[in-house]
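> Here the working numbering runs 1197 ahead of the position in the sequence shown, where the first position is 1.
Please keep in mind that the hints were generated in silico from the structure rather than gathered at the bench.
In this text, a Cβ means the ideal position worked out from N, Cα and C, and glycines have one as well.
A few of these clues could be false.
[To be verified] Restraint ranges, calculated between C-beta atoms of paired labels, are given here:
{"#": "1", "residue 1": "ALA1353", "residue 2": "THR1406", "range": "28 to 38 Å"}
{"#": "2", "residue 1": "LEU1220", "residue 2": "TYR1417", "range": "39 to 49 Å"}
{"#": "3", "residue 1": "ILE1357", "residue 2": "SER1482", "range": "23 to 33 Å"}
{"#": "4", "residue 1": "GLU1224", "residue 2": "LYS1413", "range": "43 to 53 Å"}
{"#": "5", "residue 1": "GLN1231", "residue 2": "SER1260", "range": "42 to 52 Å"}
{"#": "6", "residue 1": "TYR1408", "residue 2": "ILE1338", "range": "29 to 39 Å"}
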Amino acid sequence: MRFFKIVFFLVGLILLAWVIQNLNFKEIIVLINQIGFGFILVIGVYFIAFLFDTLTWQITILSAPLTPKWAYRFFQLRLSGEAFNNILPAASIGGEPIKAIMLKNLYGFNYREGIASLVLSRTINTISLIIFLIIGFLLMINSDVLDDNYNTIAGAGLIILSLAILFFFCIQRFKVASHTSTVLSKNKWFHWLNNFLHHIREVDDILVTFYKDHIKRTSYALILALINWVLGAVEIFITMHLIGHPISLVDAWIIEAIAQLVRTATFFIPASIGAQEGAFLIIGSAVTGSPAIGFTMAIVRRTREIIWIIWGLVVFYITNPNTEMVSKE
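All chains should be modelled from the sequences, with the hints used to inform the complete structure.
In structure tokens:
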């Protein structure tokens, strides 16, 4: 596993080197300097987006009180988990086990409930992302800035992602994991699955119950998750105004949609290093006509991400998942 981490990280660095080889860094420095204290506004927008994403997760745990105190606790848990999601090459789920462990050790939520909530929030987030990307794709089609090649590539990526999440949702909704495990456990080679069957069934029951009996909660979570993605476009919109090259919210939405699509496709690279920068460079250049502007957007986004990763790691080590559990209130 460590070998693959190193390989994927090196792949990202090679991509990054390719992206920056012909850039005018003097122009980029000038653009960055124009942002100044406006970067605080960028951080503020993402803070709100992160809070909405945290509430999406909190809603999926039925036994978790929907109070500001618990929102703060979930915010800290998500900070820690997302820091590891960003630095581990595991399809952005490397930090999910950490969230489950912290939920149990710090606040007494059992693993079944914690795992189910993480699966639910991840599914809801991905469904909302697809909605966001569909809107972005429709905006791309009607845009005079981008040619048909961008539309074709983006459309193909969107179809693949949509089919993948539909498949993943069906697995949850129709208890495919439970049924498959039951069948396999009857085979002598998979007899060991009997030890885990009841855990798998309990997680499946939680997922199906949430989808069937808590439609209102699901809807609220989906709306909050969609707002999170929209705020990403707002972040691009604000960044472009700060560097003195304002664009429309439509163009900002298109740029963010492409960036998120590329980031999802390059899940195996830690933090999508290189790939994300390349996406901003290419689509930013297409929209603004300047590679330097596109890469400046990438630097602002990466700087914000680094701040969040450091914050999350600090919270993780201060919180210490092995400390005494706080009782539910």
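> Indicate, hint by hint, whether the structure satisfies it.
Results of checking the hints against the structure:
1. About 36 Å separates the C-beta atoms of ALA1353 and THR1406, a value consistent with the hinted range of 28 to 38 Å.
2. With their beta carbons about 43 Å apart, LEU1220 and TYR1417 fall inside the hinted range of 39 to 49 Å.
3. Distance hint check for ILE1357 and SER1482: the Cβ-Cβ separation is about 25 Å, which falls inside the suggested range of 23 to 33 Å.
4. The hinted window of 43 to 53 Å between GLU1224 and LYS1413 holds, with their beta carbons roughly 50 Å apart.
5. As the Cβ distance of GLN1231 to SER1260 is approximately 48 Å, the hint placing it in 42 to 52 Å holds.
6. The given range of 29 to 39 Å is respected by TYR1408 and ILE1338, whose C-beta atoms sit roughly 32 Å from each other.
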